[in-house]
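Number of protein chains: 2
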Amino acid sequence: MWQLYHFTLCPFTRKVRALLNEKDVGYELVPEEPWARRDEFFDMNPAGQTPVMADPTRNILLIDSMAIAEYFEETVDKAQMINGTAANRAEIRRLVTWFDAHFYRDVTGPLLQERMIKRLVHRASPDASRLREAMKSAIGHLDYIDFLLDHRKWMAGATISLADLAAAAQISVADYLGGIDWSGHTHAKAWYSAFKSRRSFRPLLAERMRGIEPPSYYENPDF
Amino acid sequence: MWQLYHFTLCPFTRKVRALLNEKDVGYELVPEEPWARRDEFFDMNPAGQTPVMADPTRNILLIDSMAIAEYFEETVDKAQMINGTAANRAEIRRLVTWFDAHFYRDVTGPLLQERMIKRLVHRASPDASRLREAMKSAIGHLDYIDFLLDHRKWMAGATISLADLAAAAQISVADYLGGIDWSGHTHAKAWYSAFKSRRSFRPLLAERMRGIEPPSYYENPDF
Chain A
1 MWQLYHFTLC PFTRKVRALL NEKDVGYELV PEEPWARRDE FFDMNPAGQT PVMADPTRNI
61 LLIDSMAIAE YFEETVDKAQ MINGTAANRA EIRRLVTWFD AHFYRDVTGP LLQERMIKRL
121 VHRASPDASR LREAMKSAIG HLDYIDFLLD HRKWMAGATI SLADLAAAAQ ISVADYLGGI
181 DWSGHTHAKA WYSAFKSRRS FRPLLAERMR GIEPPSYYEN PDF
Chain B
1 MWQLYHFTLC PFTRKVRALL NEKDVGYELV PEEPWARRDE FFDMNPAGQT PVMADPTRNI
61 LLIDSMAIAE YFEETVDKAQ MINGTAANRA EIRRLVTWFD AHFYRDVTGP LLQERMIKRL
121 VHRASPDASR LREAMKSAIG HLDYIDFLLD HRKWMAGATI SLADLAAAAQ ISVADYLGGI
181 DWSGHTHAKA WYSAFKSRRS FRPLLAERMR GIEPPSYYEN PDF
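These protein sequence lines map, in sequence, to chains A and B. Going by the working numbering, the first residue of the first sequence is number 1, and it counts up by one from there. Going by the working numbering, the first residue of the second sequence is number 1, and it counts up by one from there.
Please keep in mind that the hints were generated in silico from the structure rather than gathered at the bench. You may find that some hints are simply not true.
One copy or two, it doesn't matter: identical chains are merged, so the pair holds either way.
[As the list claims (entries may be wrong)] Derived lysine-lysine pairs resembling DSBU-like cross-links, with alpha carbons at most 35 Å apart:
no. : residue 1 : residue 2
1   : 23        : 78
2   : 136       : 118
3   : 78        : 118
4   : 136       : 78
These numbers were taken from a predicted model, which means no experiment stands behind them.
Excised from the complex, chain A in its bound form:
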C-alpha cells in the first residue's frame, strides 16, 4: 500500500490525491507538518515539502507532486489526465505549472502563511494587507480561468485533465481559507461546482484542518 505524506490543506497533495482517486489507486494518508521540519522527513525529501509517496515494500520513494503525477500517468492506464497530442499535453503541463507556481505564489501560498502558519506556528494574527493582496490576485486568476473556460469545456481543452485537478486543488485550499470571491465569475463557478460533486474530489472537501473552519458554503456545490 502506498503511503502519502501530506497535511490537510496542502494544495499539491490535493492535486495528487484527486488524480489517485480518479485512477482508483489506494493509499494510506500519513500526516506531516512540513513547517515542523522533522529530521526524518527531510532525510526522505531534502526539499522538505509534501507530498511524498512511499511504497516501503517495493522500496519506491516518489517526491514532487508533478513527478508523482507523471509516475501514475505512466503506470496506471485508467483515467488518463495528460492526454491528446504532444501539443495538447504541453498545454496541460503549462497550466499545471501555472496553478502550482503562479496561483500558489499569488494566492494559496500567502493565504496559507497568513491564515494557517501564523495561527499554528507563530500564534500571531494575519497581516490584513497581505490577505487583501492575495484576494485581489485571486480575482485576477479567476478572470483568467473565466477566459480559458469561455472557449474550452475544461481548463486545457475538450476533456478533463491534470490542469483541472491542479486548479481545483489550489482553489479549494484558497476557498477553505476564505480567499475566493466567487461573484461575477460565472464560468469558473460552474466549473468548480461540477468539481465539488466529483467522486474523486468530494472526500477532500470533507476534511478539516484543526482550529481553522472553512466558510459555510465550502462543501456546497450550490454556492
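The hints should help you fit chain B onto chain A, whose structure is shown.
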C-alpha cells in the same frame, strides 16, 4: 523553424537549449527581456517568463521549460533524457524540480536579481548581504551534488538525463555571475568540467550578457 524566446542568462532556457542541442533540433533565438514586460510577450505567455517556443508555420506555442522538455522527449527519439523505469523517471523529474525551483530560489534567482536586474534595470549596486547568502546557499547545493555523484555516475543514475541538463543550466548562470566557489567540491567539479566540454553545452558558455563579464575560468574545462 522553431523560434525560442530567451535571454542569455535565463537558466530555464539553457536547460531547454541543452536538450534541443543534444537532440539536434534546430531553433532560432529571439531575444526577450522578461523584465521589460513587453505586452506582446505577455499576450503569448501570461506568466511573462522565458523560455517560450513558437512554430508559427504550424501554429504551435510551447510555454514553461518543463512542458517544453517533455514535448521534445515525446516527439524526438534521439538522446532520450527522461529514461528508464517509471521510478527512474520520477527521480529525474524530482531533481529537475529541485534545480529549477530550489537551486533557482536559493542561488540563481538572487544572483540574477542582484548582479543583472539591478544593473540593467535599476542602475543600482548589488546588496552584499543577499549575494553572500546566495553564495553560502550555493555551497550547500554543491555539497548535495557531491553527495549524489558520490554513488551515481550522473545526477539521477547511470546515464545522463534532464536532471544533469537542469543542474548544469542553473550552475552555469550562477558561475557566470561569480556565485560558485568550486574549492573542495571534487565530484561536482569533475562532473561540471565534463559538461563544459560537451557539444550541446559549449555554445551556451560562449555567449555574453552585455555589460556583465563572467570570471576568467568560466569557459575553461580545467578550472
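Exercise. When the hints from earlier in the document are held up against this structure, which numbers fail?
Worked result: 3 and 4
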